[in-house]
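**Q** Okay, here's what each chain looks like letter by letter:
There are 2 protein chains.
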Amino acid sequence: MKARLKKSLAKFLAVGLVSSSFLTTQVRADEGMWLFNSVPKAKLKSSYNFEPTQEWLDHLMLSSVRFNSGGSASFVSSQGLVLTNHHVASDTLYKISTAEHNYNENGFLAATQSDEIKTPDLELNQLISIEDVTGKINGAIQENMTSQEASKARQAKMAEIEKESLDKTGLRSDVVTLYGGGRYHLYRYKKYTDVRLVWAPEAGSAFFGGDADNFEYPRYCLDVTLFRVYENGKPAKIDHFLKMEPNGAKEQDLVFVSGNPGRTRRILTHDAVEYQRDVAMPRTMNLLRRKEVMMQQYALAGPEQQRRSRDDLFGIQNSRKAYTGMLGGLQDPLFTASKKRDEADLLSRISQDSKLAPLKKAWDQIREAQTKRREWLTKQASLRSKIYGIAETLVLMASEDSKASGDRLREFRASNRESLEQELFSEAPTYEDLERVHLADELSRLAEDRGGNDPLVLAALAGKSPRQRAAELVAQTKLMDVAERKKLAAAGTQGIADSKDPLILLAKTMESEYRKAHEAADSIEEQERQAYAKITEAKFAVGGDSVYPDATFTLRLAYGKVLGYETDGKKVPAQTTLGGAFEHETLHLNKDPWVLPKSWQAAKGKMKADTPFNFVCTADIIGGNSGSPVVSRDGAMVGIIFDGNIESLTADFYYTDNVSRAVAVHIAGVLESLRTIYNAPKLAEEMGK
Amino acid sequence: MKARLKKSLAKFLAVGLVSSSFLTTQVRADEGMWLFNSVPKAKLKSSYNFEPTQEWLDHLMLSSVRFNSGGSASFVSSQGLVLTNHHVASDTLYKISTAEHNYNENGFLAATQSDEIKTPDLELNQLISIEDVTGKINGAIQENMTSQEASKARQAKMAEIEKESLDKTGLRSDVVTLYGGGRYHLYRYKKYTDVRLVWAPEAGSAFFGGDADNFEYPRYCLDVTLFRVYENGKPAKIDHFLKMEPNGAKEQDLVFVSGNPGRTRRILTHDAVEYQRDVAMPRTMNLLRRKEVMMQQYALAGPEQQRRSRDDLFGIQNSRKAYTGMLGGLQDPLFTASKKRDEADLLSRISQDSKLAPLKKAWDQIREAQTKRREWLTKQASLRSKIYGIAETLVLMASEDSKASGDRLREFRASNRESLEQELFSEAPTYEDLERVHLADELSRLAEDRGGNDPLVLAALAGKSPRQRAAELVAQTKLMDVAERKKLAAAGTQGIADSKDPLILLAKTMESEYRKAHEAADSIEEQERQAYAKITEAKFAVGGDSVYPDATFTLRLAYGKVLGYETDGKKVPAQTTLGGAFEHETLHLNKDPWVLPKSWQAAKGKMKADTPFNFVCTADIIGGNSGSPVVSRDGAMVGIIFDGNIESLTADFYYTDNVSRAVAVHIAGVLESLRTIYNAPKLAEEMGK
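First to last, the protein sequences are chains A and B. Residues 24 to 712 (the working numbering) make up the first sequence, in order. Residues 24 to 712 (the working numbering) make up the second sequence, in order.
Treat the hints with care, as some may be off.
All copies of an identical chain are treated as equivalent in the list; a pair is satisfied when it fits inside any one copy or across any two copies.
Said to hold, decoys possible - Below 30 Å or equal to it, Euclidean Cα-Cα: the simulated DSBU-like pairs (lysine-lysine) are:
| no. | residue 1 | residue 2 |
| --- | --- | --- |
| 1 | 266 | 191 |
| 2 | 593 | 629 |
| 3 | 593 | 501 |
| 4 | 175 | 68 |
| 5 | 593 | 487 |
| 6 | 118 | 614 |
| 7 | 409 | 384 |
| 8 | 539 | 523 |
| 9 | 539 | 118 |
| 10 | 384 | 621 |
| 11 | 64 | 191 |
| 12 | 214 | 712 |
| 13 | 214 | 66 |
| 14 | 584 | 402 |
| 15 | 214 | 363 |
| 16 | 584 | 510 |
| 17 | 509 | 273 |
| 18 | 409 | 378 |
| 19 | 384 | 395 |
| 20 | 539 | 186 |
| 21 | 593 | 257 |
| 22 | 487 | 362 |
| 23 | 712 | 629 |
I should point out that these hints are in silico values taken from the structure, not numbers from a laboratory. If you're wondering where the values come from, they're calculated on a predicted model, not measured in any experiment.
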């Protein structure tokens with residue numbers, strides 16, 4: 024359930040002060056989420072006697088796909104087939120489902136190509152090239168600028184570079200901040216926005232064992248789904264796609280993972296880690312549990328409410344479980360002690376070098392930034408609700424559009440407009456009852472965060488209790504209607520000024536406080552960027568070339584070997600089998616969530632029970648890597664990442680290879696189940712061709 | 024599910040700064056939880072033309088029973104039968120259940136008296152007398168004492184009065200703080216500690232509709248259970264018990280509720296309400312959701328874990344739902360505005376009277392006390408875990424016992440020793456896996472509250488992560504064994520000093536911080552007591568005799584009429600029927616939690632479908648009232664309280680009779696189901712005789 028972590032992070036932390044990404048040093052074993060333009064070739068050669076050619080790397084990069092909604096995937100046929108996880112697909116399955124057709128629950132198979140179902144708002148990205156633009160970006164910053172000025176100048180330069188690149192190449196162009204501000208690279212993507220559903224198994228097969236088995240191993244999940252990308256109404260012609268290695272990988276084999284890890288924070292200084300441990304993470308946990316309980320309560324109302332809430336609920340539970348593991352890791356005094364020791368070591372080394380010594384003040388800057396984070400933590404002015412988010416976007420967009428692209432809030436820059444509109448004008452359904460519940464809870468949370476006497480809270484509540492106010496807003500808004508959104512967007516600032524829509528009015532009420540919090544966050548992040556750039560310099564100077572940047576939801580290469588492990592004195596095998604799924608079901612008394620779908624029961628006699636199903640490897644992954652292809656030395660597909668074991672949950676802050684494992688669906692299991700369980704031999708046939 | 028509120032409060036707030044109880048004025052309609060020695064006779068006469076005689080009141084008082092574990096009940100036969108709610112009984116049902124016999128889930132009926140099951144640690148209280156000791160208590164306080172000194176002197180005097188009374192009468196003797204410190208009454212109880220289970224329905228019948236229907240109406244719950252009290256190994260001979268009114272009450276009938284409301288906070292000043300709204304309640308909500316999610320996660324492990332966690336989980340969910348309603352009420356700007364207005368009105372009235380005017384400073388004292396509450400909120404030093412609680416009690420008891428009874432922490436005073444030991448040496452099972460989960464979570468919470476660098480946190484974790492440390496503590500402690508507890512308790516301070524038990528060592532580590540926080544809480548509460556005593560004086564002066572004290576989990580008389588209501592434009596009838604339960608099941612597609620037990624299905628043809636089942640009335644109740652008998656003008660039983668509707672959840676802070684209702688099981692439904700569903704005609708026969 025890795026991608027969910029990413030997705031839920033995106034959802035839940037979007038409003039808060041989102042950390043940037045950082046770097047680390049002291050790489051051991053199979054650690055590392057490497058940039059495709061900076062692969063540790065010497066290390067691969069010495070550890071595994073493997074030397075990737077540029078062609079090998081380019082092919083893998085071009086065969087890799089990013090789900091912009093939060094996940095990874097790969098091209099697996101010349102006819103545009105894209106393989107990802109069911110749980111990466113699930114928010115799309117949810118959006119195209121209705122009370123009558125629940126594709127998430129019951130699965131789907133397109134009988135012919137013309138039956139493939141068009142999805143409402145998916146954007147798939149194929150990375151085409153990477154260019155270092157660090158010099159250009161840093162050239163925009165003057166010594167005497169305040170953090171806020173520097174942040175604005177930096178963003179303006181980024182927007183300019185992106186716009187220029189978009190105009191020149193027609194490709195989606197994103198400047199990515201790496202090493203927490205130490206480097207800036209321009210990533211160019213080909214976008215696919217006509218994406219159709221080809222096949223999905225039942226949730227009971229993809230998520231067999233449910234929340235209970237999530238992050239556990241051994242596992243038995245067919246967590247895969249097939250889409251197809253189209254261009255001009257026809258299946259897109261794909262040059263770079265992965266061949267299949269139908270026997271997959273076996274224990275001790277070297278494997279590679281090419282995907283988009285969402286966020287790690289391994290570079291964090293000791294002070295920043297303490298802030299996470301004592302303030303940010305406990306707060307996030309409270310938020311996640313709040314939403315989990317709220318969604319469960321909503322789902323009690325009936326089967327339809329259960330369907331409507333299921334995707335979000337699972338995402339939240341997944342994040343909550345992941346965060347529990349992370350926080351547990353941070354609260355381990357051994358970790359904090361080792362962090363302190365490493366830091367003292369680095370500081371003592373740079374003290375001995377008069378050129379590096381001035382970098383020491385970076386640590387003080389990070390400490391100060393944490394204090395500011397504490398101050399701003401509860402002063403956000405937004406509401407985590409889909410329909411409010413739409414109102415907020417419309418209000419902000421109107422004023423942002425009257426500025427030059429480089430001066431706008433980053434999400435409103437010209438080069439991002441298509442992606443923004445893809446989401447804003449999505450025809451995916453909204454549900455009044457669900458929005459009411461979300462809004463009531465968020466109004467209540469706003470009152471808790473800012474205090475019931477806060478003027479913004481009083482204005483937002485307009486003299487009513489959170490529940491009454493939410494009911495009124497949802498009853499009166501017209502923003503559920505996409506046409507209405509388009510009309511408002513087209514009418515610009517005047518349209519917003521004239522609007523009587525209560526949600527638009529509310530977003531306008533909150534706008535100035537929203538901007539204040541946003542600017543504060545920008546300024547804090549800039550301070551951290553500048554400090555982490557110095558820390559990066561120190562680490563490069565001391566650590567040599569064994570330096571990879573923290574995850575940034577951009578394409579990375581990880582590697583490791585297929586390997587079992589030991590936990591609580593028990594040996595855990597590297598691999599499970601299709602037949603094992605039935606044993607696992609029996610062991611759990613065939614009770615929900617351990618109920619294999621009817622399709623499995625029907626195929627029990629037909630399938631080869633000893634077909635490998637799931638396996639684990641030591642590659643360094645995290646949320647966002649869900650759906651990443653796992654490939655062999657030959658670059659052929661052997662599996663698809665879908666989870667990490669519970670011991671790997673500390674990966675946000677540190678990697679270990681003792682018992683931490685990435686969990687993948689074995690390609691043999693995918694092919695065998697397509698043939699024998701899902702009556703889709705043609706799809707199995709098409710894969711790799 | 025009212026009593027659960029009380030119980031979970033007791034559990035969850037025991038560690039924090041527990042509010043005392045307060046009073047209110049401006050009583051309207053059927054508002055009020057009246058003292059049995061101060062019943063509003065004139066009001067009853069004028070509203071309902073009813074004048075209770077002293078005999079009527081005494082009989083009802085003596086027929087009423089308090090479950091010391093948190094709930095209400097009544098004697099219903101001369102042979103010691105006690106009728107309460109299933110959800111008041113459920114923690115006992117849980118304690119006497121095993122993996123093989125799940126009495127909570129499947130119900131129980133003793134075939135003969137000798138089959139009645141002895142419960143491990145129930146204490147039932149029958150209120151015998153009330154005596155005003157305000158003068159004695161306040162006489163112990165000198166003008167020049169600090170809050171801390173005054174608190175100690177007050178507690179010493181209370182302990183002295185209790186001890187004297189216990190020695191003289193042999194009765195449990197509790198000095199109760201009323202009107203937030205305005206009055207002190209001595210309550211004397213006869214205790215029953217040999218309590219046996221006679222009959223309980225299945226959870227599916229008692230809690231039909233589960234968490235979804237909880238606090239909703241119309242309802243269809245047989246939320247009742249029968250115990251029998253014994254003395255000297257024989258059914259106790261009971262002089263005062265309730266007669267049955269087999270036809271119960273009908274719409275518009277005057278009814279009385281005699282029970283033990285746990286806590287209300289209607290006297291709170293505006294500042295204290297804001298503290299609750301912005302600080303205390305959001306924190307409690309976070310804690311409840313934390314435990315809810317934790318227990319759900321634990322229950323995923325299998326059916327036995329589900330059984331072990333069910334009672335606590337339901338209690339937590341019940342509290343969470345109740346608190347959601349309460350906080351929503353507090354966040355309603357109309358409520359705060361009316362609170363402010365009433366306060367301004369009272370202040371302006373007492374300003375006009377030079378004798379009363381000095382009382383105004385009480386409001387400032389309350390404001391200051393809230394600031395101190397904020398400061399101490401996260402500085403508690405205890406862990407919410409059953410097994411840690413035992414260690415903590417043993418450690419504290421050893422040193423407290425070396426002091427005079429009056430100088431001890433209140434729970435260790437001589438007059439409370441029996442009740443304390445009843446709990447400490449209970450043979451109710453403890454489960455290692457569950458204790459591990461609780462302890463790990465509580466160590467994590469301690470680290471969140473105090474920060475990971477806090478010396479106490481570091482000492483408690485002993486260099487390990489919360490999970491590892493909890494596993495170690497549970498594996499090595501011997502306190503699961505009651506004999507070990509008794510040995511340690513008997514060995515006194517030397518026993519504690521010599522103990523190598525890791526939980527005893529941990530409790531010793533935490534002891535001084537625990538005492539510091541406890542003293543701070545005492546001092547804050549004393550400051551509030553003195554202030555609320557002044558506010559009470561002001562309210563009595565202005566409000567005349569229409570003043571009842573806030574709830575204190577002591578016996579109160581409420582009254583009102585059986586009455587339907589209107590919500591969302593729909594009329595809600597006052598009463599449901601047994602047959603309606605089947606319709607309700609069908610309406611919800613016979614899906615969990617709307618599945619009536621087999622016993623019901625089997626009896627469907629036999630029972631009279633139009634028998635009244637549940638009903639609502641306007642009486643003023645709150646958590647702790649669960650199990651309270653509802654009686655007619657004639658003092659005969661017409662029903663038994665088990666819930667309040669969702670609109671009544673603000674009752675902690677204010678009463679309304681517009682749509683707020685108390686929900687009760689109709690006595691006709693109880694008798695009919697005993698006869699036709701549970702094959703217990705003899706029990707039905709015995710009731711009232």
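**Q** Run every hint past the structure and note whether it holds.
**A** To see whether the hints hold, each was checked on the structure:
1. 266 to 191: neither (33 Å within a copy, 91 Å between copies)
2. 593 to 629: neither (32 Å within a copy, 57 Å between copies)
3. 593 to 501: between (58 Å within a copy, 27 Å between copies)
4. 175 to 68: neither (43 Å within a copy, 75 Å between copies)
5. 593 to 487: For residue 593 and residue 487, only the inter-copy Cα distance (22 Å) is at most 30 Å; the intra-copy one is 57 Å.
6. 118 to 614: both (28 Å within a copy, 26 Å between copies)
7. 409 to 384: For residue 409 and residue 384, the Cα distance exceeds 30 Å both inside one copy (42 Å) and across copies (48 Å).
8. 539 to 523: Intra 24 Å, inter 56 Å, cutoff 30 Å: intra-copy only.
9. 539 to 118: Result: close neither inside a copy nor across copies, 34 Å intra and 55 Å inter.
10. 384 to 621: For residue 384 and residue 621, neither the intra-copy (63 Å) nor the inter-copy (73 Å) Cα distance is at most 30 Å.
11. 64 to 191: neither (33 Å within a copy, 89 Å between copies)
12. 214 to 712: within (22 Å within a copy, 82 Å between copies)
13. 214 to 66: neither (33 Å within a copy, 77 Å between copies)
14. 584 to 402: neither (46 Å within a copy, 47 Å between copies)
15. 214 to 363: neither (43 Å within a copy, 58 Å between copies)
16. 584 to 510: Classified as neither: same-chain Cα gap 54 Å, cross-chain 55 Å, threshold 30 Å.
17. 509 to 273: neither (53 Å within a copy, 58 Å between copies)
18. 409 to 378: neither (51 Å within a copy, 58 Å between copies)
19. 384 to 395: Classified as within: same-chain Cα gap 17 Å, cross-chain 37 Å, threshold 30 Å.
20. 539 to 186: Classified as within; 26 Å inside a copy, 62 Å across copies.
21. 593 to 257: Classified as neither; 52 Å inside a copy, 54 Å across copies.
22. 487 to 362: between (49 Å within a copy, 15 Å between copies)
23. 712 to 629: within (25 Å within a copy, 69 Å between copies)
Consistency with the previously given hints fails for numbers 1, 2, 4, 7, 9, 10, 11, 13, 14, 15, 16, 17, 18 and 21, ordered from lowest to highest.
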